[in-house]
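Keeping their order, the protein sequence lines are chains A, B, C and D.
The numbering used here numbers the first residue of the first sequence as 1 and each following residue consecutively.
The numbering used here numbers the first residue of the second sequence as 1001 and each following residue consecutively.
The numbering used here numbers the first residue of the third sequence as 2001 and each following residue consecutively.
The numbering used here numbers the first residue of the fourth sequence as 3001 and each following residue consecutively.
Everything labelled a hint here was simulated from the structure, so no lab data went into it.
Treat the hints with care, as some may be off.
To be verified - Okay, derived cross-link-like pairs now, DSSO-like style, lysine-lysine, Cα gap no bigger than 30 Å in a straight line:
#: 1; chain 1: A; residue 1: LYS49; chain 2: B; residue 2: LYS1101
#: 2; chain 1: C; residue 1: LYS2193; chain 2: A; residue 2: LYS49
#: 3; chain 1: B; residue 1: LYS1152; chain 2: A; residue 2: LYS193
#: 4; chain 1: D; residue 1: LYS3148; chain 2: A; residue 2: LYS193
#: 5; chain 1: D; residue 1: LYS3101; chain 2: C; residue 2: LYS2193
#: 6; chain 1: C; residue 1: LYS2101; chain 2: C; residue 2: LYS2148
#: 7; chain 1: B; residue 1: LYS1193; chain 2: A; residue 2: LYS101
Stated by the list, open to error - Just a few of them, taken from the derived set where beta-carbon distance is under 7 Å, the chain D residues facing chain B:
#: 8; residue: ASP3033
#: 9; residue: VAL3035
#: 10; residue: ARG3036
#: 11; residue: PHE3047
#: 12; residue: ILE3053
#: 13; residue: SER3056
#: 14; residue: LEU3075
#: 15; residue: HIS3076
#: 16; residue: LEU3077
#: 17; residue: GLY3084
Cβ atoms here follow ideal geometry from the backbone N, Cα and C, with glycine treated the same way.
Number of protein chains: 4
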Amino acid sequence: MGLSDELRAGVGPIWERVVTHPFVTEMADGSLDRVRFERYFDQDYLFLKDWVILLSLATAKAPDFDAARELVGFLHLGLGGEEGLFQEAFRERGLSREAVKALSYLPTTQNYSGYLRTQAYEGAFTEVVATLLAVEWPYLDWAQRAVKAGQKPGDRYYQTWIDIHTSPGMSGFVSWLRSVVDGSAPTPEQRDKLQGIFRDVLRYEYQFFDMAYRGETWP
Amino acid sequence: MGLSDELRAGVGPIWERVVTHPFVTEMADGSLDRVRFERYFDQDYLFLKDWVILLSLATAKAPDFDAARELVGFLHLGLGGEEGLFQEAFRERGLSREAVKALSYLPTTQNYSGYLRTQAYEGAFTEVVATLLAVEWPYLDWAQRAVKAGQKPGDRYYQTWIDIHTSPGMSGFVSWLRSVVDGSAPTPEQRDKLQGIFRDVLRYEYQFFDMAYRGETWP
Amino acid sequence: MGLSDELRAGVGPIWERVVTHPFVTEMADGSLDRVRFERYFDQDYLFLKDWVILLSLATAKAPDFDAARELVGFLHLGLGGEEGLFQEAFRERGLSREAVKALSYLPTTQNYSGYLRTQAYEGAFTEVVATLLAVEWPYLDWAQRAVKAGQKPGDRYYQTWIDIHTSPGMSGFVSWLRSVVDGSAPTPEQRDKLQGIFRDVLRYEYQFFDMAYRGETWP
Amino acid sequence: MGLSDELRAGVGPIWERVVTHPFVTEMADGSLDRVRFERYFDQDYLFLKDWVILLSLATAKAPDFDAARELVGFLHLGLGGEEGLFQEAFRERGLSREAVKALSYLPTTQNYSGYLRTQAYEGAFTEVVATLLAVEWPYLDWAQRAVKAGQKPGDRYYQTWIDIHTSPGMSGFVSWLRSVVDGSAPTPEQRDKLQGIFRDVLRYEYQFFDMAYRGETWP
Chain A
1 MGLSDELRAG VGPIWERVVT HPFVTEMADG SLDRVRFERY FDQDYLFLKD
51 WVILLSLATA KAPDFDAARE LVGFLHLGLG GEEGLFQEAF RERGLSREAV
101 KALSYLPTTQ NYSGYLRTQA YEGAFTEVVA TLLAVEWPYL DWAQRAVKAG
151 QKPGDRYYQT WIDIHTSPGM SGFVSWLRSV VDGSAPTPEQ RDKLQGIFRD
201 VLRYEYQFFD MAYRGETWP
Chain B
1001 MGLSDELRAG VGPIWERVVT HPFVTEMADG SLDRVRFERY FDQDYLFLKD
1051 WVILLSLATA KAPDFDAARE LVGFLHLGLG GEEGLFQEAF RERGLSREAV
1101 KALSYLPTTQ NYSGYLRTQA YEGAFTEVVA TLLAVEWPYL DWAQRAVKAG
1151 QKPGDRYYQT WIDIHTSPGM SGFVSWLRSV VDGSAPTPEQ RDKLQGIFRD
1201 VLRYEYQFFD MAYRGETWP
Chain C
2001 MGLSDELRAG VGPIWERVVT HPFVTEMADG SLDRVRFERY FDQDYLFLKD
2051 WVILLSLATA KAPDFDAARE LVGFLHLGLG GEEGLFQEAF RERGLSREAV
2101 KALSYLPTTQ NYSGYLRTQA YEGAFTEVVA TLLAVEWPYL DWAQRAVKAG
2151 QKPGDRYYQT WIDIHTSPGM SGFVSWLRSV VDGSAPTPEQ RDKLQGIFRD
2201 VLRYEYQFFD MAYRGETWP
Chain D
3001 MGLSDELRAG VGPIWERVVT HPFVTEMADG SLDRVRFERY FDQDYLFLKD
3051 WVILLSLATA KAPDFDAARE LVGFLHLGLG GEEGLFQEAF RERGLSREAV
3101 KALSYLPTTQ NYSGYLRTQA YEGAFTEVVA TLLAVEWPYL DWAQRAVKAG
3151 QKPGDRYYQT WIDIHTSPGM SGFVSWLRSV VDGSAPTPEQ RDKLQGIFRD
3201 VLRYEYQFFD MAYRGETWP
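The whole structure should be built from the sequences, with the hints applied where relevant.
Following this line, the structure appears as structure tokens:
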């Protein structure tokens, strides 16, 4: 069992709670309320900015050009495909450019944003990679489970969401992130830090799905 | 009315809700449950690290040595007096060095930490100063209200908490922060950003008191 | 005349001294001593790391996804094409992986590195973009002059160096950088800063060619 | 021999060349040309900004409040004493506030600035501390040598320069920096990085004295 597997096991039941959250199981079987999906979608669009910062800073900290190329390749993919999907969906829903610009963070997204950017700015390379892995891997996991279960949501967006998170670009990137973590030789203190990152990110992932599913307001 | 007054007015009722939160009114009249105070105290100790980062980065971004000197003076004060107070209180409560080291963020502190560090790393100087002002000013406000109302909590820690937040070092620093904000000439877009920072910080301040008062658990 | 043209004009004669440096004129007519080219090439390979940091941080600071996409597209191009060219050349020269890893900065490259990374970390988005423009534009200029003059160096590497710096990817990126600078509305103070960046970068570019041409030693 | 002694020994003859540079030996015996000193002084004033950034970022990265307090204490000292000395000297020389504001980097100062800021932003805590040690320690060394040799320059500024670099604040800070480096347990790779930092900083220190002594112009 490599370090990435250990870190995943080390978060305990929260992993399973994330990947089987009603938000994703209902997306996979097509029963997800559209309002919930749109709430998610809008927040995820804002979150893309945080994702870009996380990947950019990982690129800046990459120890060699091969690592930088992997990270930039995934950035390229996300800013191409996924961002295009957001724009298309906004147009279809009739949201103007101004309406899109006026979208703002719900509490959980803002909290998650601060956490990820802090890792991006402060973390050593392996820590930023572990952060990315904890962000991406649960997505790959729930989407692959949906595919394995033969689920077809029968909704273009829900289906696309599963497709992009099981694409070769996605699974290849998660494999590469895992190989970086597995190939690192952390001291016990550094290992604790990586485990803490996994735990924290999974908690935010859970809250993110919950925010989408239940709605959320500012105090 | 200077810009700092406008920003304060612009956050709406949340300012009043922060400075009259039961956590601080009960601290001022001495009725605050000790468990609630200790929860606050432990989290505030962890938060000191975030405060150091915010002030350090403001120092690094200071446009001149006079500004840097003000920021370093306040850092010096906090790392001397306030940090000593924490250590003293931990000793009195019988917490070992290991127990102190093992303290960990509750959700709100971690969320607030991420927000502040993100401002510290990303913000232009005036934005970091506005962040600091939104952090410090409500403390000066509630503590001064307690003093004006002639309140004596009759508890050494509660009293010290009021004293340090109405000290000349504190009021002088808040005045200086206000003068920086008042002397800035933001574009409308930059002004919106400063207003957003005030709003966000006040929301976190409210949640911080609430976390201390009600307790909080991770998902 | 847009701001980018003004900034270019504002650096004075150093622009012309950069783009007509014997290092590039001799590269274009094929007379450049191979030792000089290899000295340049090795240092430019190390410099690629600084270039990645500059582009990554620009991406992190991008105000919107369209800007981020442009920057990531150019990163993608450089880490694909140009880095591959470096590896190929190292192989052809018989440099082992270890020999490549052991390459180290000459003084000018290290000085230039520190300058660019400082801009990357400290600069506002437009400043980082102006830095990138001052880095890339002179390359486009000398390479386009070589092409216009019909020069064929008759050396595969020299020719490729001209080709990649006149490619659509290169000219398109410079155009985009110029459009960002031209579309910015700097205050007089911000404008001075942009002009200072152009002046500083051109000085380093000149020194970089000079280092390659004449050699350089540490004190 | 602790790690700090090893790093000092590991830079080879450049240490001795720095601490016996004519700029400092002539300052100590009082024969230093005033023009050379003023060139140094002006550049060192600008350098204070870089020093503030280096110390601020070290503070932000400090692993505990004791370390942060040491760093902030030295910042406090420098922004108080040393910066006051600069202002006094400028007034005495009749330089207006505008003239002081118009001072600009000579090449070596700018190169050194970029190097130090890069360490400040990128370095892990021990690396930033090693950078600070390599900056401060040679100053303590040459100033202590001058004192031991019983030298009295007979010039108020030269004498003060020796005094502040042999003060308890200075020697205590260098001792503390050494204790941090000595107490670190670097991997071989991390050790090489620290040695490289020492070598690089000493080279810049040498060039800084040389710039002051011989003058310098931009290309």
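Checked hints:
For the hint linking LYS49/A to LYS1101/B, the alpha-carbon distance of about 34 Å lies beyond 30 Å, and the restraint is violated. With a C-alpha separation of about 27 Å, the suggested pair LYS2193/C and LYS49/A falls inside the 30 Å cut-off, and the hint holds. Distance restraint check for LYS1152/B and LYS193/A: the Cα-Cα separation of roughly 43 Å exceeds the 30 Å cut-off, and the hinted pair is therefore not satisfied. Proposed proximity of LYS3148/D and LYS193/A is contradicted: the alpha carbons are some 48 Å apart, above 30 Å.
Pair hint LYS3101/D plus LYS2193/C holds up; C-alpha atoms about 14 Å apart against a cutoff of 30 Å. Under the criterion of a C-alpha separation no larger than 30 Å, the hint pairing LYS2101/C with LYS2148/C is inconsistent with the structure, at around 37 Å. This hinted pair checks out: LYS1193/B and LYS101/A have alpha carbons roughly 14 Å apart, not beyond 30 Å. Because the smallest distance between the Cβ of ASP3033/D and any Cβ of chain B comes to about 27 Å, over 7 Å, the interface hint for this residue is violated.
Taken as an interface hint, VAL3035/D does not check out: its beta carbon lies about 25 Å from the nearest beta carbon of chain B, beyond 7 Å. At its closest, the beta carbon of ARG3036/D sits 24 Å from a beta carbon of chain B; the interface hint therefore is violated under the 7 Å criterion. The beta carbon of PHE3047/D comes no nearer than 12 Å to any beta carbon in chain B, farther than 7 Å, and the hint placing it at the interface is violated. This hint holds: ILE3053/D has a C-beta 5 Å from the nearest C-beta of chain B, less than the 7 Å allowed.
Hint on SER3056/D holds. Least Cβ distance to chain B is approximately 4 Å, under the 7 Å limit. Taking 7 Å as the C-beta contact cut-off toward chain B, the hint placing LEU3075/D at the interface holds, the least distance being around 5 Å. The criterion of a C-beta within 7 Å of any C-beta in chain B is met by HIS3076/D, whose closest approach is roughly 5 Å, and the hint holds. Hint status for LEU3077/D relative to chain B: violated, with the closest Cβ pair at about 10 Å, above 7 Å.
Given the 7 Å rule on beta carbons, the hint for GLY3084/D is violated: about 10 Å separates it from the nearest Cβ of chain B.
Consistency with the previously given hints fails for numbers 1, 3, 4, 6, 8, 9, 10, 11, 16 and 17, ordered from lowest to highest.
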